[in-house]
Structures are given as structure tokens and as C-alpha cells.
Amino acid sequence: MATITATINLTSPDITGDPLNLSKTSVLNKAATATGLDQFTGITTVVYAAAKTAEKIVDAGDYVDTTVSHKVYIKNSATGSSDFVTVELGGSNVLMGRLYPGDWCFFPYDGTLDVDIDTSAANMKVEYGVFSQSTAS
Amino acid sequence: MATTTATLILSSADVTGHNFSMTQTATLTKAASSTGLDEFTGITSRKYPTAQTDTVVVADSIYVDTTVAHKVYIRNTSTGNSDYILVELEGDVIIGRLYPGDWMFIPYGGTLDVQVTTVATNVSIEYGVFSQSTVS
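Protein chains in written order, with this note's numbering: chain E, 1 to 137; chain S, 1 to 136.
These aren't lab readings, by the way, just hints derived from the structure by calculation. Every value quoted in this text rests on a predicted model; they were computed, and no experiment measured them. We put the beta carbon where it would ideally sit given N, CA and C, even for glycine. Please note that a few of the clues may not be correct.
Claimed, not checked - Partial pick of chain E residues on the chain S-facing surface, computed with a CB cut under 8 Å:
id, residue
1, 5
2, 12
3, 34
Stated by the list, open to error - Away from chain S, derived, C-beta distances all over 12 Å, residues of chain E:
id, residue
4, 46
5, 50
6, 53
7, 54
8, 56
9, 59
10, 61
11, 136
Let the hints inform the model, and build the full structure from the sequences given.
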């Protein structure tokens, strides 16, 4: 199986009275195992000619669900500062939050709800990808 | 205002037919602004002596909402490989499971609590919120 690592570095010299310097690395394994995730969509890059509403970028139907350790990555690759991507979960489009230009997110995904996005303007570039586990042991 | 950066590094030598390595760095700013986020909870570390059900780790009432660029970080700091943390938005909207060592970093709209459920005793977690005040 594959070995995939995901590292986050959070730094700030001035958000608190002391510098923040957090670095954590995770090895992406299948649920409750030491076996690496074995599927990857690649990183998809899309430029939407028009603003989008509830655009499905992760289809729950494509994945095994519940006892899983999938991971989703999304980035708003637009420039400027105002054109945001709204990340939503499920058919009711429950709001997770907004990614402003340059913002990215990385989160676990249990495969039961679609991941949708709205874009606030025309010609916005978004990139996304899913690391997931197959049913193979 | 503060300058806070969040960097993601994803890498694998073998998940595809070629080496995969990607680095993305975001400077965390207020919504539609170049002004940095100005609030931070610090990183909270907890070890739950008992299994938890829908325990609130981020309460929406504390934050301004919707037109915001808050960010939430959560990590399962437990050891082993089976004791997961189920992360949900209020109303049982499942995001996913963090297995030991896994972390997440998401935008947060401030409209729903972020909750965690654990299935074992002595599960450890750390979390924090970077957020924007209403001060311009």
C-alpha cells in the first residue's frame, strides 16, 4: 500500500504574546490500521466560467463509508481577496465555511455526504482532491 | 493585525505512478480583506476520561458568522490506530473520523457548533480556532 504524509505548519509571530510554531505530520492510513490509504483522485483544477451553486466536487456514491479514513483537500486558487468558495456538506448544503483566495482546507471524510461548493464570482479557479481507502485489505 | 500562515505539505512516493508532492501556504486573513485574522483561542489539549457524545469543541455563539474566514484545527493526539474521533457539525452533520495522529484544518462559517464524539476512554485531542473579530 502507499505511504502518504500530510503535514500542517501553523506559524505566527504575533497572534499571541508568544510566537506560534506548530508542525504536525500524519501518515494517512486506512481506518484503524497501519495500512496506507490506497486511492487518490489526483488534484483536479477547474476554472468555473460562471458562479456555481451547490457544485458537487466529492460524490459520496464513489466511496465506501462510515468506517473509513478518507481525506479531502480543497483550495481556492483565485487571486485578489474577495472571491470566495463556500464549502458545504450534504443535500441540505450545510455550511462548513468559506475559503477566500489562497485558503485551503484538509479534512477527514466519512463518505456519507457529498461535498459541494458555491463560488461567488465568474472565472474562479478551484483545486481539489480525495485520498481514500478501497475495500481491499 | 497579526500575520498567521498555514502551510499544507502532502507527499507520497507511491500513491500514483510518480512522486507526488504538493505544498500550499495560505496567509490567514479576514473575509475579503488583506488584514490578518486577529483572534486565536490557543491550542487546547484535552484527554477525555470517558467516551464523549457530541461534545462541543467550537461553540458558534462565540463567533461572528457567515461573511468570515475563521479556521478550525483539530487533531487526534491518541496513540495506537483505532481510537477515532468523529467530527460533526451541529445537527449530526458528519465531517469524518480522525484516527490517531490525523488532523484537520477547515474554514468555519460560525453558524453551527463543531462537536466531537469518541468511542473509547482516554482519547486525547487538541484543537484551536483562528478567527476574526468585528474590528476592522
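So, going through the hints one by one against the coordinates:
Annotation: interface hint on residue 5 (chain E) holds; nearest CB of chain S at approximately 5 Å, less than 8 Å. Annotation: interface hint on residue 12 (chain E) holds; nearest CB of chain S at approximately 4 Å, less than 8 Å. Here the hint on residue 34 (chain E) is kept, as its CB sits about 6 Å from the closest CB of chain S, short of 8 Å. With a cut of 12 Å on Cβ distances, residue 46 (chain E) stays outside the contact zone with chain S, its closest approach being about 16 Å.
Its beta-carbon lying about 20 Å from the closest one in chain S, residue 50 (chain E) satisfies the requirement of being farther than 12 Å from that chain. Chain S leaves residue 53 (chain E) outside its interface by the beta-carbon criterion, the shortest separation being 16 Å against a cut-off of 12 Å. Separation of residue 54 (chain E) from chain S is adequate, the least Cβ-Cβ distance of about 15 Å exceeding the 12 Å criterion. Consistency note on residue 56 (chain E): stated as away from chain S, and its beta-carbon is indeed over 12 Å from all of that chain's, at 16 Å minimum.
With a least beta-carbon separation of about 15 Å from chain S, residue 59 (chain E) lies farther than 12 Å from that chain, consistent with its non-interface assignment. Every CB of chain S is more than 12 Å from the CB of residue 61 (chain E) (nearest about 16 Å), matching its label as outside the interface. Against chain S, the non-interface label of residue 136 (chain E) holds: every CB pair exceeds 12 Å, the least being about 14 Å.
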